[in-house]
Amino acid sequence: FHPSLAPVGVLLAVLGYALGTYGALICGYLMQAAAI
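When we follow the numbering used here, the leftmost residue of the sequence shown carries the number 1, and every step to the right adds one.
Don't take each hint at face value.
[What the hints assert, rightly or not] Computed spacing ranges between beta-carbons, pair by pair:
#1 S4 with A24: 31 to 41 angstroms
#2 A34 with V10: 44 to 54 angstroms
#3 Q32 with P3: 36 to 46 angstroms
Hint data in this document are derived by calculation from the structure and do not stem from the laboratory. The C-beta atom is built at its ideal place from N, Cα and C for all residues, glycine as well.
Go ahead and model the full structure; you've got the sequences and the hints to work with.
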């Protein structure tokens with residue numbers, strides 16, 4: 001682990017979290033639309 005790589009790890013973590021949350025919202029919306 002190199003100190004200069006810390007920001008990259010944080011960026012990837014935040015990006016992954018945002019993408020996961022966004023994906024879950026879209027998935028839930030699609031499921032709701034399909035259920036109707």
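Pairwise beta carbon distance, Q32 to P3, judged against the given window 36 to 46 angstroms: holds, 45 angstroms
Supplied distance hint 31 to 41 angstroms, evaluated on CB atoms of S4 and A24: Hint holds: Cβ distance 32 angstroms, inside 31 to 41 angstroms.
Consistency of beta-carbon spacing, V10 to A34, with hint 44 to 54 angstroms: Because 36 angstroms falls outside the window, the suggested range is violated.
Checked against the numbered hints given earlier, this structure breaks only hint 2.
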